[in-house]
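Chemist: Sequence:
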Amino acid sequence: MNNDFDPYQMVHYVIDLVEKHDNSIQCCEAYLGKDMYLNIDVEENAIKYSREGLERGISVRVFDRKGRCGFSFTNRMDKNNLEEIVQKALQLMKGATPDAEFHDLPPQVESYPKIKQLCDAKIKAMKIDDASHHIIDAIEVCKNDETAISQSAYFKSNYSQIFILNSNGVEVNYKETSCSISSNMIAKDKTTNETSFGQEWQVERNLNDLNAQEVAQNALEIAKNNLNRKKIKNMNVPLVLTPRGAISLILRPISLAIDAENFQFNRSFLIGHKGKKIGSKLLTIEDNGLIDGAIGSSISDDEGTPCQNKTIIKEGMFLENGLIHNSYTAAKEGVKSTGNAVRTSYASSPGIGVTNFSLKLGSSAKEEIIRDIKKGILLDYTGDSPNISTGDFSGLILQGNLIEDGKILYALNETMLANHLLELFSNITAISEESKTYGRFTAPFVKIENANIIGSAPKK
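In case it helps, my numbering puts the sequence shown at residues 34 to 493.
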């Protein structure tokens, strides 16, 4: 092997080294990632920082017949360092604790799914000057509105190449791109001098789908809608979750609760509920890694297992096979991996995560859902998270409004929501036909009856 950067050659070289050095291993894996990135940061509504660069590295996992594991990585892509990480991984394996629950790395597969629009040539070729036009669009939104007093924002783009090879015959490589824009806007009421913030973001596979102006404008509107907040009394009323609210209180908690590792370590509020009803018939959730152009789609997960389309909850029923797995957790339960192994980078070993996680749309327009409410609450954002182990939630409504006679009124101040998640799921009575996507999560507006709202207004 020469010292030129050839990803295909390098992963094969690492596997060959492992197999030559130690015949006691059961299986091994090489994972190589190459990432071209571009970042622009905005502070106080002005560009403060920009950078473009290249990160690349390779890792190796080795397992012996007792399930002991050694893991090592490097970002120095030359022959000497590749030999060094192999030696280190083998040494760590020999000193590791045996794991009787480890079975094997993923097996070879005949073919991988074909997914379109995962790699955009415009993002691959992008330079700082090209990207600055997008962030300037966001800056102009803040400049042109007298209510907006400041904005922090960022633009990011990535072009990634992944190579995965293991001793069982898995061999896969793919390319993908992503671009994202985020805006955190601060607004001020000129009369009361009250301030508020609004945050919005968007991440896409393809540059043409990104709209920086719309993201900044939405962030500003959220900030404006949260001005002049008022306290309310305790009440038990219908709750309408915006897509962001539905992600926070439905999709993200469920995505963590169905993580097989959390399940196996008793860290999930859904333990004991497989094959049982956990919510309204309107509640149907799927994890689909095969959607063309979606940010969570890929031909394989980060162990080389093909991605899939999986139904998790169907008409309120948590399916028996509703957990998401990597190869390790799947083998512990005697099932196949669901293609949900994820890594944060080449320098991490695989965990578990969702691909494109979505709540099935309903048949109601969001305006109709709100119009039918005599008195209720609209919840857009809470900075608090549910307890994934118990399902309990008690947190502030940081961005939300009172609904009266079908109209959205003033923003809420010092108001909390306190409910068990399963109670919220069971009380879903309407879901909108409109939805919004944030990264890997897609959610509609959701109406929930009998939400326990804790206000701070004094009793009369």
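Hints are supplied without guarantee of correctness; some may be wrong.
[Claimed, not checked] Below, in silico cross-link-like pairs of lysine-lysine (DSS-like), each with a Cα-Cα straight-line distance of 25 Å or less:
#1 Lys309 to Lys407
#2 Lys365 to Lys266
#3 Lys408 to Lys189
#4 Lys257 to Lys393
#5 Lys67 to Lys208
#6 Lys121 to Lys53
#7 Lys263 to Lys492
#8 Lys347 to Lys309
#9 Lys208 to Lys147
#10 Lys176 to Lys223
#11 Lys309 to Lys189
#12 Lys365 to Lys307
#13 Lys223 to Lys257
FYI, nobody ran anything at the bench for these hints, they're computed from the structure.
Chemist: Each hint needs a verdict: does it hold in this structure or not?
Modeler: Verification of the supplied hints:
no. : hint             : verdict
1   : Lys309 to Lys407 : violated (33 Å)
2   : Lys365 to Lys266 : violated (50 Å)
3   : Lys408 to Lys189 : violated (41 Å)
4   : Lys257 to Lys393 : violated (30 Å)
5   : Lys67 to Lys208  : holds (10 Å)
6   : Lys121 to Lys53  : holds (15 Å)
7   : Lys263 to Lys492 : holds (15 Å)
8   : Lys347 to Lys309 : holds (10 Å)
9   : Lys208 to Lys147 : holds (13 Å)
10  : Lys176 to Lys223 : holds (16 Å)
11  : Lys309 to Lys189 : violated (42 Å)
12  : Lys365 to Lys307 : holds (17 Å)
13  : Lys223 to Lys257 : holds (12 Å)
Checked against the numbered hints given earlier, this structure breaks hints 1, 2, 3, 4 and 11; the rest are met.
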